[in-house]
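If you read the protein sequences in the order shown, they are chains A and B. Counting from -9, one number per residue, gives the positions in the first sequence under this note's numbering. Counting from 2, one number per residue, gives the positions in the second sequence under this note's numbering.
Warning: the hint list may mix true and false statements.
Computed footprint of chain A on chain B; a stretch qualifies when at least three of its residues, placed anywhere within it, have a C-beta under 8 Å from a C-beta of chain A [claimed, not checked]:
| no. | stretch |
| --- | --- |
| 1 | 16 to 29 |
| 2 | 121 to 132 |
| 3 | 137 to 143 |
| 4 | 181 to 192 |
| 5 | 236 to 243 |
Since the hints were derived computationally from the structure, they do not count as laboratory data. This structure is a prediction, so every number in the text was calculated from the model and none was measured. Cβ coordinates follow ideal geometry from the N, Cα and C atoms, glycine included.
Spelled out, the chains give:
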Amino acid sequence: MEDHPIVDITRFARSQLTNVSRLPKGAATALVALVVLAVAGFSTLYQVQPEEVGVVLRFGRYVRTTEPGLRARIPFVEEVRKVPVQRQLKQEFGFRTVEAGVRTVYAPVERDLAGEAAMLTGDLNVAIVEWIVQYRVSNPSQYLFKVRNLEETFRAMTEAVMREVVGDRTVTEVLTVGRQEIEALVEENLQALVNQYQMGVTIDQVVLQDVNPPDPVKPSWDEVNQAQQQRDRMINEARGEYNRVIPRARGEAQQAVLQAEGYALDRINRAEGNAVRFTAIHEEYRQAPEVTRRRLYLETMQRVLPRVGRKLFVDENATGVLPLLSLDGGIPPQLAQASNSAAGGDQ
Amino acid sequence: MSRVTTVQIVVAIVLLVVLSQTGYTVNETEQVIITQFGDPVGVPVVTPGLHFKVPFIQRINVFDKRFLEWDGNPNQVPTRDKRFIWVDTYARWRITDPLLFFQRLRDERGAQSRLDDILDGETRNAVARHDLIELVRSTNRSADDVPIESEEEAVILEKIERGRQKIQRDILETAAGRTADLGIELLDLRLKRINYVEEVQQDVFARMIAERQRIAEQFRSEGQGESARIHGERERELAQIQSEAYRVAEELRGEADAESARIYADAYNRDADFYAFTKSLETYELTMDSSTFFILGTDNELLRFMKGAR
Chain A
-9 MEDHPIVDIT
1 RFARSQLTNV
11 SRLPKGAATA
21 LVALVVLAVA
31 GFSTLYQVQP
41 EEVGVVLRFG
51 RYVRTTEPGL
61 RARIPFVEEV
71 RKVPVQRQLK
81 QEFGFRTVEA
91 GVRTVYAPVE
101 RDLAGEAAML
111 TGDLNVAIVE
121 WIVQYRVSNP
131 SQYLFKVRNL
141 EETFRAMTEA
151 VMREVVGDRT
161 VTEVLTVGRQ
171 EIEALVEENL
181 QALVNQYQMG
191 VTIDQVVLQD
201 VNPPDPVKPS
211 WDEVNQAQQQ
221 RDRMINEARG
231 EYNRVIPRAR
241 GEAQQAVLQA
251 EGYALDRINR
261 AEGNAVRFTA
271 IHEEYRQAPE
281 VTRRRLYLET
291 MQRVLPRVGR
301 KLFVDENATG
311 VLPLLSLDGG
321 IPPQLAQASN
331 SAAGGDQ
Chain B
2 MSRVTTVQIV
12 VAIVLLVVLS
22 QTGYTVNETE
32 QVIITQFGDP
42 VGVPVVTPGL
52 HFKVPFIQRI
62 NVFDKRFLEW
72 DGNPNQVPTR
82 DKRFIWVDTY
92 ARWRITDPLL
102 FFQRLRDERG
112 AQSRLDDILD
122 GETRNAVARH
132 DLIELVRSTN
142 RSADDVPIES
152 EEEAVILEKI
162 ERGRQKIQRD
172 ILETAAGRTA
182 DLGIELLDLR
192 LKRINYVEEV
202 QQDVFARMIA
212 ERQRIAEQFR
222 SEGQGESARI
232 HGERERELAQ
242 IQSEAYRVAE
252 ELRGEADAES
262 ARIYADAYNR
272 DADFYAFTKS
282 LETYELTMDS
292 STFFILGTDN
302 ELLRFMKGAR
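With the rest of the complex left out, here is chain A (with noise of 0.2 Å):
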């Protein structure tokens, strides 16, 4: 009871002010007046902002939420402790962000925060993991009055709900696809948990950040991808080639029977024309075979003696001719001369 003494010390400054000073009465209880009320109204009325409630207890007991605005409580009996309800709240789990900003910095990691973020998966290999989790006040005085360290306790809760999840799951799906199973199932176990503890919390979201295979494990995780990669490469390549090779051929083959087509096409077409123009003449002829087949000689020889380089007429008695004749093409001057005498001598 706090009361009492204020209202004993102000009695007292009164009357050390009216023995010391000397003031008239009137004005020095106005004074002492004035002070009573700035102290009281200090003590009764407080503030409460936008994002929080106020819980009241009066002599330790709850007895009223107040909402946003300024307010007045029962000086010195009643307590106002402020709850923010409408900000989220925010906890990281295997990182820090040292200064939040367009280009965030995030804190070293230690041993402490590493051994936070390292987990067990299901196949018994070990996982990488950083996560944040969102939340919310939606009960004031649970959450003020039912768990001690609360804080403290939610970051413990959260770990070992993550592990648990994270432990059934094989670290493939930890790296990938499970990402978000894993986020809702373990939104879902701490609300479940949250709401056991009674501690007045709503779960607004769980999100993985970084997931990660341990450092010294990292590279192999990166040749699997560069191993898949090369394998996808070398399929490519050979079918490549393969589209480059076949319809080439085709194309060739094609070429090769349209070229026995023609020649086929050709032979034919010619030997038809040839055909039909033995016919023809052979027509005439039979007509008049005897002057048809001379006329045909004569007019063959007629084309082609012009054209031979070197005639020779033999009578048709000489003989021993032959042996004579030189092979280089000459015609010797005995022989010149017995073919002159053979052809004027006949006369």
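With chain A held as given, fit chain B onto it using these hints.
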């Protein structure tokens, strides 16, 4: 007036002191035991608000009503399958019977030390009784629906008989039995962290690396195999196309040759002799040229009239 005022002040102060020893507040988070000369009296005061007691003789002992922390020391514990792991547990508890609590444990420090004994001990027992996989997994779900690129990547998760959640509950139940007479209620106990011991961790990493390398090797060999197969296919198709084309072309040519031979034969067979005649004439015309040396006898048809007009 001054004399009266001084007496009044003194009386007021005395009254104040007495009152401050009589009335006390109990917070929403507190529960109080009144003791008189060290012994508890009456029932525990659990409702928050303003209460009164006998001044000076009676003392208030405040206990927390909330869920309180207990954090186990991280311990190296071997599992049943001889793996060494760091186990970090936490628990939450509260004082449900402050009177009993006060009598048995006195204060929170006593409680923490007692809980250390009980909970650490039970945890170590539980870990030693189970394989590591039982402590890590909670359900028997399988990783079937994970899309994998190579069969090397397929991981079969070992099945468990009990699992993490059941083991945690076991520890809790066993410990709860031992704390029942201490005025304490255990709300929850969980394995916050399990990690490999440093030496074991190195082995585990080596295993993970080897596993990844095996998968990488398989990808590479798959690539080579498929590439060789496509190469072979290409060769086969090439041979097929080329030989097919050759066959068809030759057939066409053959047919054409046969047909033309037939046409010729049909025509020339009418008069083989005449054919020989005309063809020979053609041949003479084509083959004789400036390098030819003609030797004609005078009985030649051409020279028939050389000797005379008849």
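So, going through the hints one by one against the coordinates:
1. 16 to 29: holds (count 9)
2. 121 to 132: violated (count 0)
3. 137 to 143: holds (count 5)
4. 181 to 192: It holds: at least three residues are needed, and the stretch 181 to 192 of chain B offers 4 whose Cβ sits within less than 8 Å of chain A.
5. 236 to 243: Holds: 4 residues of the stretch 236 to 243 of chain B have a Cβ under 8 Å from chain A.
Violated hints amount to a single one, hint 2; each of the other numbered hints is respected by the structure.
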